[in-house]
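With the hints as extra help, turn the sequences into a complete structure.
Just so you know, the protein sequences line up as chains R and X, in that order. Heads up, the first sequence is in numbering that gives the first Met the number 0, so the first residue is 0 and it goes up one at a time. Heads up, the second sequence is in numbering that gives the first Met the number 0, so the first residue is 0 and it goes up one at a time.
There's no promise every hint is true.
No more than 20 Å apart at the CA atoms, straight line, and that leaves these computed lysine to any residue pairs for SDA-like [stated by the list, open to error]:
| id | chain 1 | residue 1 | chain 2 | residue 2 |
| --- | --- | --- | --- | --- |
| 1 | X | K426 | R | A492 |
| 2 | X | K426 | R | H404 |
| 3 | R | K42 | X | F246 |
| 4 | R | K322 | X | D360 |
| 5 | X | K42 | R | E269 |
| 6 | R | K426 | X | A492 |
| 7 | R | K42 | X | G239 |
Here are a few chain X residues that sit away from chain R, every Cβ distance over 10 Å (derived from the structure) [stated by the list, open to error]:
| id | residue |
| --- | --- |
| 8 | D29 |
| 9 | R123 |
| 10 | A216 |
| 11 | K337 |
| 12 | E352 |
| 13 | S437 |
Quick look at which bits of chain R chain X covers, simulated, 3 or more residues with Cβ under 8 Å [claimed, not checked]:
| id | region |
| --- | --- |
| 14 | 142–152 |
| 15 | 187–196 |
| 16 | 213–226 |
| 17 | 276–284 |
| 18 | 290–302 |
| 19 | 307–319 |
| 20 | 401–408 |
Bear in mind the hints are in silico, worked out from the structure with no lab data behind them. Bear in mind the structure is a predicted one, so any value in this text is a computation, not a measurement. Here a beta-carbon is modelled for each residue, glycine too, at the ideal position from N, C-alpha and C.
Protein chains: 2
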Amino acid sequence: MRAAIKSVGLLGGGVIGAGWAARCALNGHDIAVCDLDPEAERKISEVMTNARRAWSRLTLAPLPAAGSIRVVKTIEAAAEGADFIQESLPEQEALKISLLARADKVAPPDVVIASSTSGLLPSRLQSGLAHPERFVIGHPFNPVYLMPLVEVCGGARTSDTTKESATRFYRALGMHPLLLRKEVDGFVADRLMEALWREALWLIHDDVATAAEIDDAVRFGPGLRWAFMGTLLIYRIAGGEPGMRHFMAQFGPALKWPWTKLMDVPELDEALLDKIVAQSDAQAGAAGIRELEQLRDDCLVAILQGLRTQDYAAGAVLDRFEKTLWAAGHRSEFDIEKSDLTKPLRLHETRVEPGWVDFNDHMTESRYLQVFGDATEVLLRVIGVDPDYHRGGHNYYTVETHLRHLREVEGGTPLHVTTQILGTDDKRIHVFHSLYRSDDDTLLATAEQMQLHVDTRASRACAAAPQVLARVQRIATAHRPLARPAGSGRAIALDQ
Amino acid sequence: MRAAIKSVGLLGGGVIGAGWAARCALNGHDIAVCDLDPEAERKISEVMTNARRAWSRLTLAPLPAAGSIRVVKTIEAAAEGADFIQESLPEQEALKISLLARADKVAPPDVVIASSTSGLLPSRLQSGLAHPERFVIGHPFNPVYLMPLVEVCGGARTSDTTKESATRFYRALGMHPLLLRKEVDGFVADRLMEALWREALWLIHDDVATAAEIDDAVRFGPGLRWAFMGTLLIYRIAGGEPGMRHFMAQFGPALKWPWTKLMDVPELDEALLDKIVAQSDAQAGAAGIRELEQLRDDCLVAILQGLRTQDYAAGAVLDRFEKTLWAAGHRSEFDIEKSDLTKPLRLHETRVEPGWVDFNDHMTESRYLQVFGDATEVLLRVIGVDPDYHRGGHNYYTVETHLRHLREVEGGTPLHVTTQILGTDDKRIHVFHSLYRSDDDTLLATAEQMQLHVDTRASRACAAAPQVLARVQRIATAHRPLARPAGSGRAIALDQ
Numbered sequence: 000m001r002a003a004i005k006s007v008g009l010l011g012g013g014v015i016g017a018g019w020a021a022r023c024a025l026n027g028h029d030i031a032v033c034d035l036d037p038e039a040e041r042k043i044s045e046v047m048t049n050a051r052r053a054w055s056r057l058t059l060a061p062l063p064a065a066g067s068i069r070v071v072k073t074i075e076a077a078a079e080g081a082d083f084i085q086e087s088l089p090e091q092e093a094l095k096i097s098l099l100a101r102a103d104k105v106a107p108p109d110v111v112i113a114s115s116t117s118g119l120l121p122s123r124l125q126s127g128l129a130h131p132e133r134f135v136i137g138h139p140f141n142p143v144y145l146m147p148l149v150e151v152c153g154g155a156r157t158s159d160t161t162k163e164s165a166t167r168f169y170r171a172l173g174m175h176p177l178l179l180r181k182e183v184d185g186f187v188a189d190r191l192m193e194a195l196w197r198e199a200l201w202l203i204h205d206d207v208a209t210a211a212e213i214d215d216a217v218r219f220g221p222g223l224r225w226a227f228m229g230t231l232l233i234y235r236i237a238g239g240e241p242g243m244r245h246f247m248a249q250f251g252p253a254l255k256w257p258w259t260k261l262m263d264v265p266e267l268d269e270a271l272l273d274k275i276v277a278q279s280d281a282q283a284g285a286a287g288i289r290e291l292e293q294l295r296d297d298c299l300v301a302i303l304q305g306l307r308t309q310d311y312a313a314g315a316v317l318d319r320f321e322k323t324l325w326a327a328g329h330r331s332e333f334d335i336e337k338s339d340l341t342k343p344l345r346l347h348e349t350r351v352e353p354g355w356v357d358f359n360d361h362m363t364e365s366r367y368l369q370v371f372g373d374a375t376e377v378l379l380r381v382i383g384v385d386p387d388y389h390r391g392g393h394n395y396y397t398v399e400t401h402l403r404h405l406r407e408v409e410g411g412t413p414l415h416v417t418t419q420i421l422g423t424d425d426k427r428i429h430v431f432h433s434l435y436r437s438d439d440d441t442l443l444a445t446a447e448q449m450q451l452h453v454d455t456r457a458s459r460a461c462a463a464a465p466q467v468l469a470r471v472q473r474i475a476t477a478h479r480p481l482a483r484p485a486g487s488g489r490a491i492a493l494d495q
Numbered sequence: 000m001r002a003a004i005k006s007v008g009l010l011g012g013g014v015i016g017a018g019w020a021a022r023c024a025l026n027g028h029d030i031a032v033c034d035l036d037p038e039a040e041r042k043i044s045e046v047m048t049n050a051r052r053a054w055s056r057l058t059l060a061p062l063p064a065a066g067s068i069r070v071v072k073t074i075e076a077a078a079e080g081a082d083f084i085q086e087s088l089p090e091q092e093a094l095k096i097s098l099l100a101r102a103d104k105v106a107p108p109d110v111v112i113a114s115s116t117s118g119l120l121p122s123r124l125q126s127g128l129a130h131p132e133r134f135v136i137g138h139p140f141n142p143v144y145l146m147p148l149v150e151v152c153g154g155a156r157t158s159d160t161t162k163e164s165a166t167r168f169y170r171a172l173g174m175h176p177l178l179l180r181k182e183v184d185g186f187v188a189d190r191l192m193e194a195l196w197r198e199a200l201w202l203i204h205d206d207v208a209t210a211a212e213i214d215d216a217v218r219f220g221p222g223l224r225w226a227f228m229g230t231l232l233i234y235r236i237a238g239g240e241p242g243m244r245h246f247m248a249q250f251g252p253a254l255k256w257p258w259t260k261l262m263d264v265p266e267l268d269e270a271l272l273d274k275i276v277a278q279s280d281a282q283a284g285a286a287g288i289r290e291l292e293q294l295r296d297d298c299l300v301a302i303l304q305g306l307r308t309q310d311y312a313a314g315a316v317l318d319r320f321e322k323t324l325w326a327a328g329h330r331s332e333f334d335i336e337k338s339d340l341t342k343p344l345r346l347h348e349t350r351v352e353p354g355w356v357d358f359n360d361h362m363t364e365s366r367y368l369q370v371f372g373d374a375t376e377v378l379l380r381v382i383g384v385d386p387d388y389h390r391g392g393h394n395y396y397t398v399e400t401h402l403r404h405l406r407e408v409e410g411g412t413p414l415h416v417t418t419q420i421l422g423t424d425d426k427r428i429h430v431f432h433s434l435y436r437s438d439d440d441t442l443l444a445t446a447e448q449m450q451l452h453v454d455t456r457a458s459r460a461c462a463a464a465p466q467v468l469a470r471v472q473r474i475a476t477a478h479r480p481l482a483r484p485a486g487s488g489r490a491i492a493l494d495q
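Set out below in structure tokens:
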């Protein structure tokens, strides 16, 4: 199986296929996606827009340059030249088997072919392939560009190498591959979801609860916990000090109680369908699909970032992914070789995120410093202070910052920072950042900073490395003719 | 039913009862909890410690002074004098009926008696009461002090007033009451959990997945979404542009597929029990129950705060709760009348949270300013700049901050800030904050700030109200003899 994957062939460009396209393209892969829908390009590009938006909030880690996405009209055109093939066609076994066989014909045998099926059996899906050993299930969750889980499941004839290759590929995309030990219809996650779903249908059918009430029972209750611990660990904790056996003794008898109707399946007749659709429409209200998707993505990003602060569950997956991105050292967006150094550098753009504002919808104080700190981080990468340099035991630390708040700024406002070097010596960089609204270039705040180069192991100041000093000097020299910015060199005093 | 609730009687002080005790006490209620376990006091006090820890991270909003918790040994002692009674006894119908009847005898009829049962029917539980109309289900989720959901369900003889009173009481505790329209065994949330749980037991029974793998399938996958949107809305979104009817057409047939074994119930024999216990032990590893509880609570807090930035789902519940706390204007912890004003004021204590550190485990720059900003907020409340004052159209804004970073500080370090007023006039307060490690009083950083009083509607500076100026002046006068702190009045320059 291929060690280096550049091109990815996608069979099917619906909700799941488009999600794969976005996730792979954001990780630098070039995509050929086969979809016959005449609107496929528009739909995939809308998913890509959502994905870019979500990732810009998800991480500051440097991503590789995004890959290209090309929509093609045959299975063969998607499969040819691909280093990895992912199928996301409708859940019809016969259709999948016949189209997988066509991809199998044109792809060299060292290319993995994976299927996104939610629950069809891999041994059956691989039955029509000349090279069944390179076929595996890689079952993702919507939105593919944000959800970490991908269930990896081999069929009877899948090789171990294939499972390992797929696992490695998905992990490099920032996902959490769960290698299944057995193939069963519905795999693991969909069996659990399906059980809950059938019960939900009964609750609607019997008028016990509406769609919105069922969702509230989940998201204000057990769903909050399921975001980081599954049922088993949550129940263990619910057992308190005596542990799992005690919990089972307490809760076990409930298995015999009439607490679910799942022994039976509701008939999905027109009446039940109408009820579900009407309740779903009422629940969604005026919100359109893109709006709901963005709301979902914003919540997912907030949860992933929240869990990242605990370095636990999906937060640990994100943390590991970011570490690999930093280590890969993809070039930052600012290129010292190609930029005009005779004016303040435009290093960082962002916007006022919903969580950055106070009850008056104004950006809170500490977020100003965060934005300036992010600009400083970019400056440091530009002058060569990167993870390798950190590992060598050196870094610049901020020892002093003078902030001036000139204008309030509301949630959602687009922002950018420009940075001027006021002076430098072999240990210090005297920096002046200016924060602007990007829509009308109003100056909002300034931050004057002294950066001190330190030996991080000895915790004391020392001279920076020659290649770093050379870059600092190059920018400082270019900035020397610039006027001192208004407000630099100030002290705080009442008599001003 | 009683409009003002001060004392709460709790029947049962296990995991759920202790959680109620903590949530109610943190909201200022005095608690009498009946529990016969000789270790009840220790266990309840450990839950209270966890709850205080979680709430200190959850919100900066001012809480009322915590109520007292008293463990008593009879149902009558818990019920007498209570304004609201909550029963959390073992899930045995006959036991609950007989003990509820004893509480019913001693409590005046205008006191609500609620049961925490996960699924027993209210019409049966109220059958032995002389005043069945004041009985209602209030089914919470573990940990009760953090989870918003409480299912409110009346029996055949429950009055509407009782349901309304219980709903109002739970909402005032920061919870999200879900009023059920019908009584069914297991209510809504537990039916959904039970369905998923039975499927999980089959997966373990059939060796398809282990306890840890099942939990991973949830928390890296559908569980992440269930923290803010339930199954119905998530499926609607998965349907993409064509909507819910289209989704049902696609996914409906799966109901007939063998994607769940829930038509049947696994026999909970010794072999299955042993397997579950062994897998649960392996999953928990060396972590003890308190450690797991704290991990769970930290993740819940991170998710609640993450969702709060989106003002959605449980985050919207937290946001509303905090607004009522701010509006209630509980006195801040610093009391100007009782404090020594002749030294810098110790206004704010915190610690370096896990999410505040960079990859070197050092607190990130912007978090310093956040801690100083929190200290400023306390100062403003102390001088009378509170939500009422804001609503009057006035506030102090930070116009300038000079930060000096003197020492690095690691995750987990306890911190406190002291605040000196360097000068003031009718529009401005010149403040100097010092940040210390609390364990050894090392000075870590300082922040000199100029606060400017503004008419927030006109967006221009103006004099503060006389009662505010009087308090500022009182502190400033007491601070006048203090030495100017080292580092005040500085400008940033290379030649220092």
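We went through each hint and held it up to the structure:
| no. | hint | in the structure |
| --- | --- | --- |
| 1 | X:K426 to R:A492 | holds (13 Å) |
| 2 | X:K426 to R:H404 | holds (16 Å) |
| 3 | R:K42 to X:F246 | holds (17 Å) |
| 4 | R:K322 to X:D360 | holds (14 Å) |
| 5 | X:K42 to R:E269 | violated (53 Å) |
| 6 | R:K426 to X:A492 | holds (13 Å) |
| 7 | R:K42 to X:G239 | holds (10 Å) |
| 8 | D29 | holds (25 Å) |
| 9 | R123 | holds (13 Å) |
| 10 | A216 | violated (4 Å) |
| 11 | K337 | holds (29 Å) |
| 12 | E352 | violated (7 Å) |
| 13 | S437 | holds (20 Å) |
| 14 | 142–152 | holds (count 4) |
| 15 | 187–196 | holds (count 10) |
| 16 | 213–226 | holds (count 14) |
| 17 | 276–284 | holds (count 6) |
| 18 | 290–302 | holds (count 9) |
| 19 | 307–319 | holds (count 9) |
| 20 | 401–408 | holds (count 5) |
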